[in-house]
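A.B. asks: Chains as they are written, first to last, in our numbering: chain A, 186 to 500; chain B, 13 to 278.
It is possible that part of the hints are untrue.
Once the Cα atoms are required to be at most 25 Å apart in a straight line, the calculated DSS-like pairs of lysine-lysine come out as [what the hints assert, rightly or not]: (1) B:78 with A:349; (2) B:96 with B:78; (3) A:364 with B:252; (4) B:23 with B:78.
If you only want the chain B side, here are some residues facing chain A, beta carbon under 10 Å, derived [claimed, not checked]: (5) 17; (6) 50; (7) 64; (8) 66; (9) 85; (10) 88; (11) 110; (12) 128; (13) 134; (14) 135; (15) 136; (16) 225; (17) 227; (18) 234; (19) 238; (20) 240.
Hint data in this document are derived by calculation from the structure and do not stem from the laboratory.
Here a beta-carbon is modelled for each residue, glycine too, at the ideal position from N, C-alpha and C.
For reference, the chains in residue letters:
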Amino acid sequence: MKLAVPLTAPGEAALLYGAGATEFYCGLQTPEWQEAFGDHDSISRRQGAANLSALDTLNTLVAESAKLDSPIFLTVNGSYTREQLPMAAKITAEFEDMGGTGIMVADIGLLSLLKKKGSKLIRGLSLLAAAGSSAALTFYRALGVTRVVFPRFLQPGQISVIMKAHPNVQAECIVWLDKCRCIDGYCRFLHAVGYRDAPDNAGNDLPTVFTHDTTYQWPACFELFGKPPALPACAACSLRALAAAGVTVFKMGGRGRPIEPRLTGARFLSLAYKLAGVDTGGDADYTAIKEEYARLFGRRCEPSVCYYAESAGVL
Amino acid sequence: MKRYLRVETGKFLKDSEYDANFEAERAENHAAAYEGLLVGEEACGLFLSSEIFISRVNALLKSGKKVGVITPYLTPEREDALAKMLESLRPAEIVVNDVGALWLVRQSKHTPVIGRLLTRQQTDPVILSFYQPQPSRVVLRESECVRLEHAPPPASLTGRLTGSPVFSAASVFLSGYETMTVMMDWPPQGMMDKIPREFSVLWSIDEVLVAVLPCQGCEACPERETYIGMTRARIPVYRKRNVCYFKPAENPLITPANSSYNAFDF
């Protein structure tokens, strides 16, 4: 099983590798970027602990991944203004010089620039590019893309149709955490900003203020659609259907979360992959997968946290 | 200045006298004579394979009217339907909301316009708060470990609000075309002075798109405007089909009257 897992600090790669991770990805937001464009999520749709803050740290993660013989991708999947593009390209070039494997990218301008410069980095299309058709992949392939994270609205059957037209593209799907109610690539909510009632010890009416937080507690989308369930979003019961559709890399979300939930997720998915009989073609034990989920997270899974409810348990 | 009337797809499909009605409506609204029509959807693909839709658009085009056809983000099923529709339509402006659609339009006789789903604008209603008075600092209870910063707006967000990523991308999207047109949402949120002169902007002024929900089938999808909720910025958000939006005219701080927009198609 190829399992891509996020890194946020040195020392994590070996632990996650031991739990089943086979490749890694991370984000970077340098002080230079922050000074120019702020410390919000513009470089990679995540902020705070989800990004490394120094090139030296990134260099360390590249070295640690190389020791494990595992690829490492840098997430530069923002959509950049003309002012931001040169710095995004510079960061990407520095990652390439370090020996990084590839980038996860969504911006057409950045892709075009990398192609012109002859970058050797693998260009993986981010989920945020929302590539949901064969024609979209044709367009992106012309810009150097060889790998794609399919958007979550596609079901395995639809992915299969696209992959038949692009058998040489490496396909990824997110299978753990961060299931959004909306389509990620078209979302315009600012996750870094939300609203809350300011505390008022005097007992007056609570004024509403907006906040800038790094933990995504009160974005407007939560107000409108409700907070997501406390259970981790999961596609364990669809691993086999996704593999049959041509997906070869399974990806865990959760960039910026503590190491423990990532370790738990990696172990669980590795077990689920075996129980689903993806490699062996044997009978899939979806009951055992669901029981393990309930044991680990204290509750049975439910449709609201199931990524591909239509196909879960199929095949 | 150009004015386009965006037409409800349901009305366009169901009303067999649409063309005559359009003329009547146009006469009624003579103060705002529309130069063209916008038909289609950003997040629904049902109309793509509608013969009625195609024949009505072709009839309007044949009569000399300017029509922009808004096309949705693609799935494999929609891709096939769009390819067939492009073959059947007379040359028109096709508003693309998916790079796959752009790819198909580039192989056709039509002219692409970059649609709102590709502009990557930031339109969260919270941004409206930035234009309103706010307390300068908030202190939280100790038990809630969240870092708060100042308002309005957080200095760290200014980079987000002073430009749109679409223009660097659109230079790639639209290279080779004489006219580079992008359809964007009003309000521009600080972007007015950041629009490159080589681009023409088609503003959507009646609704500001904030999110798109995945298709759950027609039964779960309201054809008419449905109220979703009120954000604490006191902006009501609505849903029609799978598009979530708010109405900018409800906030007087950001109406077009407060901005300069004369240089752009409107």
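A.B. asks: Taking each numbered hint in turn, which are not upheld by the structure, reported in ascending numerical order?
C.D. replies: The structure conflicts with hints 1, 5, 6, 7, 8, 18, 19, although it agrees with all the remaining ones.
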